[in-house]
Amino acid sequence: AQSVSQHNHHVILSEAASLELGCNYSYGGTVNLFWYVQYPGQHLQLLLKYFSGDPLVKGIKGFEAEFIKSKFSFNLRKPSVQWSDTAEYFCAVKGYGNKLVFGAGTILRVKS
Amino acid sequence: GAGVSQSPRYKVAKRGQDVALRCDPISGHVSLFWYQQALGQGPEFLTYFQNEAQLDKSGLPSDRFFAERPEGSVSTLKIQRTQQEDSAVYLCASSFPLYGGVRNEQFFGPGTRLTVL
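Here the protein sequences come in this chain order: A and B.
Residue 90 in our numbering sits at position 90 of the first sequence; the count goes up by one each step and never skips.
Residue 75 in our numbering sits at position 75 of the second sequence; the count goes up by one each step and never skips.
What the hints contain is simulated information worked out from the structure, not anything from laboratory work.
Small disclaimer: the values here were computed from a predicted structure and weren't measured.
Be careful, since some hints might not be right.
[What the hints assert, rightly or not] Covered, in the sense of this in silico footprint (three residues per stretch, anywhere, with C-beta under 8 Å from a C-beta of chain B), are these stretches of chain A:
| # | stretch |
| --- | --- |
| 1 | 42-52 |
| 2 | 94-102 |
[Said to hold, decoys possible] In silico SDA-like cross-links for lysine to any residue, where the CA-CA straight-line distance does not exceed 20 Å:
| # | chain 1 | residue 1 | chain 2 | residue 2 |
| --- | --- | --- | --- | --- |
| 3 | B | Lys-57 | A | Lys-58 |
| 4 | A | Lys-111 | B | Lys-57 |
| 5 | B | Lys-57 | A | Ser-3 |
Virtual Cβ for every residue (Gly too), placed ideally from N, Cα, C.
The whole structure should be built from the sequences, with the hints applied where relevant.
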């Protein structure tokens, strides 16, 4: 069965700190991986995605993620966070069929 | 409209009541998905349509849950005889699959928050 594990449920950082959110997946087929973000009061939005090719994927707002096949990981990173990055972040893998399988989410709070 | 819309945004139901949640996907999007998001959890897949065909309903938690998309655009998720454990945010997403659906991005609506008393 497909599953996604996100290591931290709550993360608190000061502005300008570096961010790394962990994501591990379990899936036996061709891997398509996603990070979605949900800002307060807004709907889920795609941050970045990996389908194939370069394992380092760059997304919007300075975010990037690295696919490490041997570790079944797809960690999200940002060198310097801003107060506006306060949101909930979800890692997801495309499962059998076309559905997305999500992790439980990580709530990031950035202190100004 | 420009994005996926859902109505109502909030619904309070008494236990045992039937509810209907509506999703308007992005115009032209072939695929439509329903997810359930319980408090503190990530979204969980309920069901998937391609046009009017319901291709996967493996995530529907019980036979009280029913979804339809009769004309291949608007979809309705119906929950009969609601229970307290049905309280959650119900998300709809749509996509226009390319390459047989491999590289499709799902665009999410704002969700309907259902509270069952």
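Problem set entry | Verdict on chain B covering the stretch 94-102 of chain A, criterion of 3 CB contacts below 8 Å | holds (count 7)
Exercise. Given the hint that Lys-57 of chain B pairs with Ser-3 of chain A, does the C-alpha gap stay at or below 20 Å?
Worked result: Measuring from Cα to Cα gives roughly 18 Å; hence the hint holds.
Exercise. Are the Cα positions of Lys-111 of chain A and Lys-57 of chain B separated by 20 Å at most?
Worked result: violated, 42 Å
Problem set entry | Outcome, coverage of the stretch 42-52 of chain A by chain B - at least 3 residues whose beta-carbon is closer than 8 Å to one in that chain | Since 7 is at least three, the answer is holds.
Exercise. Quick one, are Lys-57 of chain B and Lys-58 of chain A close enough, alpha carbons at most 20 Å?
Worked result: Violated. Lys-57 of chain B to Lys-58 of chain A sits at ~33 Å, over the 20 Å cutoff.
Hint compliance for this structure: hints 3, 4 are broken, all remaining hints hold.
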